[in-house]
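Just so you know, the protein sequences line up as chains D and G, in that order.
Note that numbering that gives the first Met the number 0 gives residue 1 to position 2 of the first sequence, counting from 1, and the numbers run on in steps of one.
Note that numbering that gives the first Met the number 0 gives residue 180 to position 181 of the second sequence, counting from 1, and the numbers run on in steps of one.
Treat the hints as calculated values from the structure; they're not laboratory data.
There's no promise every hint is true.
[To be verified] Computed cross-link-like contacts, DSS-like style, restricted to lysine-lysine with a CA-CA straight-line distance of at most 27 Å: (1) G/K223 <-> G/K110; (2) G/K110 <-> D/K185; (3) D/K126 <-> D/K185; (4) D/K126 <-> D/K55; (5) D/K55 <-> D/K108; (6) D/K210 <-> G/K110.
All figures in this text were calculated on a predicted structure; none of them were measured in a lab.
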Amino acid sequence: MTPRPALLLTGALLTGAAWLAPVAPASAQASPERRGAVSGGCPTESMAFQRCAREKARTFTPPRTAEGVPDVQGYWRSRNNGIAYNVEPAEGSFAVPRTGGEIVDPPNKLIPYQPWALERRNELRTKAFEDPQGHCAPSGAPRKNNTLFGWKLLQPRGYVVFLYESMHDHRIIPTSGRPHLPGRIKLWHGDPVGRWEGNTLVVDYRNLNGKHWFDMSGNFQSENIHVVERYTLFDPDTILFEATIEDATMYTQPWTLVFSLERNREEGYYQLEYACHEGERDLQHFTDDTGAGQSEQFRTEDQGAR
Amino acid sequence: MPKRSSVTTISAAGLLAAVAWLAAPAAVAQERGGPYRAPRTADGHPDLQGVWQVRNTAHWDLQDHAGAYRIPAGLGVVVDPPDGSIPYQPWALERRNANFQNRLADDPYEKCYLAGVPRTMYLPLPFQIFQTADEVAILSEYVHTWRWVPLAGVPRYPGYESWMGDPRGRWDGDTLVVETVGFNDQTWFDHAGNFHSDALTVTERFTRTADDVMTYEATVTDPKVFTRPWTIRMPIYRHRDRAQILENECYLYAEEAGRPIRGRHPTFDDPQGDAR
Numbered sequence: 000m001t002p003r004p005a006l007l008l009t010g011a012l013l014t015g016a017a018w019l020a021p022v023a024p025a026s027a028q029a030s031p032e033r034r035g036a037v038s039g040g041c042p043t044e045s046m047a048f049q050r051c052a053r054e055k056a057r058t059f060t061p062p063r064t065a066e067g068v069p070d071v072q073g074y075w076r077s078r079n080n081g082i083a084y085n086v087e088p089a090e091g092s093f094a095v096p097r098t099g100g101e102i103v104d105p106p107n108k109l110i111p112y113q114p115w116a117l118e119r120r121n122e123l124r125t126k127a128f129e130d131p132q133g134h135c136a137p138s139g140a141p142r143k144n145n146t147l148f149g150w151k152l153l154q155p156r157g158y159v160v161f162l163y164e165s166m167h168d169h170r171i172i173p174t175s176g177r178p179h180l181p182g183r184i185k186l187w188h189g190d191p192v193g194r195w196e197g198n199t200l201v202v203d204y205r206n207l208n209g210k211h212w213f214d215m216s217g218n219f220q221s222e223n224i225h226v227v228e229r230y231t232l233f234d235p236d237t238i239l240f241e242a243t244i245e246d247a248t249m250y251t252q253p254w255t256l257v258f259s260l261e262r263n264r265e266e267g268y269y270q271l272e273y274a275c276h277e278g279e280r281d282l283q284h285f286t287d288d289t290g291a292g293q294s295e296q297f298r299t300e301d302q303g304a305r
Numbered sequence: 000m001p002k003r004s005s006v007t008t009i010s011a012a013g014l015l016a017a018v019a020w021l022a023a024p025a026a027v028a029q030e031r032g033g034p035y036r037a038p039r040t041a042d043g044h045p046d047l048q049g050v051w052q053v054r055n056t057a058h059w060d061l062q063d064h065a066g067a068y069r070i071p072a073g074l075g076v077v078v079d080p081p082d083g084s085i086p087y088q089p090w091a092l093e094r095r096n097a098n099f100q101n102r103l104a105d106d107p108y109e110k111c112y113l114a115g116v117p118r119t120m121y122l123p124l125p126f127q128i129f130q131t132a133d134e135v136a137i138l139s140e141y142v143h144t145w146r147w148v149p150l151a152g153v154p155r156y157p158g159y160e161s162w163m164g165d166p167r168g169r170w171d172g173d174t175l176v177v178e179t180v181g182f183n184d185q186t187w188f189d190h191a192g193n194f195h196s197d198a199l200t201v202t203e204r205f206t207r208t209a210d211d212v213m214t215y216e217a218t219v220t221d222p223k224v225f226t227r228p229w230t231i232r233m234p235i236y237r238h239r240d241r242a243q244i245l246e247n248e249c250y251l252y253a254e255e256a257g258r259p260i261r262g263r264h265p266t267f268d269d270p271q272g273d274a275r
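If we strip away everything but chain D, and leave its shape as in the complex, we get:
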């Protein structure tokens, strides 16, 4: 058990801080390097991981809940190899790790943007302060699983409930066949509807408001986005996470990213509060470059405080 009082005081700063530099809390410090490039007995390179995990899933019998579906309850965190920064392969730079990307389809591991969208992405990449996550926005699907922080899965009857540490966020997945909300209700977390397909939890996200990015590198979306997430337990402590993104107004084809979710078995662990907007004062550090949205008075005041 690791008390983390420093995190409590600075939690609000971490979104911004972690965004520029990986100032990660104790719970997120296990870097890919330290843990080796294997997850659940599979190599972590996305395509090899997907192949290996699917193979293992064919013979793995997951524990069951009283409801008779795979029991995925407990604490989890992503093993995302740096896609918090960029879902595409990218060289490292100051305080940003190199990443092999996590896209498995298309095989070139690049988001299949239409030309106008690629141009827009390249423009956004120079405006990191516009990343909604830096504004404490709920990160939607599939990015919410890409944060440096973990989450708890609960399985009350007929649901899978995600309680995220990052930004005291939650996602409620009904698995009872509830229909989607009317299309005009757009939400930061969309309207997830889940179902169990064999041992795989399939979550269909409609009604996403399209304001999210997929990462910190300007990879963006539109309100026509449709996301399907698949969670397959293939080992007692490891989930194959696959997310397919469709949006005919932005991409030339659907695309899929894959990474590993690992169980956190730390004795006595529970999630602490991650307040984000409360006391947030990093936003102006990002926006100061352009002065966007910032009053002269606020900047002066803040410099005084430092």
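Assemble the complex: chain D is given as a structure, and chain G must be docked to it using the hints.
Frame of chain D, contents of chain G only:
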């Protein structure tokens, strides 16, 4: 088909009468407002799951109050002390009155901050309760707040300081009792400026008293601010017309409306606080 004997008919009628007689007291008691037996979860506890919301003005003022700017008039929910007044220490009453004057600027809810406890339970927005054998989770529309309430076996971290506190729950008969500590001194109990310190302990009691109603009670203890513990009580109603909560991303809406809110936590404003 053989003709049914009169003996069988009489027996069947007798049996039905007996069943009706056995069932009657419960039904009558319920009809007359007697003990209500809540539906149960798989592990035998009252089922509190569903989408709930208050219908009162506690969010604006816990005490009896006339209307004021952006405060609807309403009856108080303080049941102890019996006069319905929050038992402030004299200095704290002055501070509360100052808070009231400055409520539009200083109410943490106006800044879209986490609402704290017990205020999160009587916001003018719905919340949803989930239960498993080991835990209760209370998830709110308001800024995606969640409260995770373990029912046993999770020792608290020392030195916890937070907006929503660190709750622990247990069943006391058919009542869910939640005790929460580990608060900061930043939240208010309502828009009228009723406040607390970091010595706050809140003990809540959730009792389902009808199919669509639960009785919610919260006892507030804070020896730095009050002369004695005090208690609020109110019904919370279950939504029949919706099975899901949506979202309320208060600070993002403010930003989109061109009125961004920049939070200022005193700890961060204090240069020495920065060094910690």
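Evaluated hints:
1. G/K223 <-> G/K110: Distance of about 25 Å is within 27 Å: holds.
2. G/K110 <-> D/K185: Given pair G/K110, D/K185 holds - Cα atoms ~23 Å apart, limit 27 Å.
3. D/K126 <-> D/K185: The hint holds at about 25 Å.
4. D/K126 <-> D/K55: Answer violated: D/K126 to D/K55 is near 42 Å, above 27 Å.
5. D/K55 <-> D/K108: Holds, at roughly 24 Å.
6. D/K210 <-> G/K110: holds, 22 Å
Consistency note: the structure conflicts with earlier hint 4 alone.
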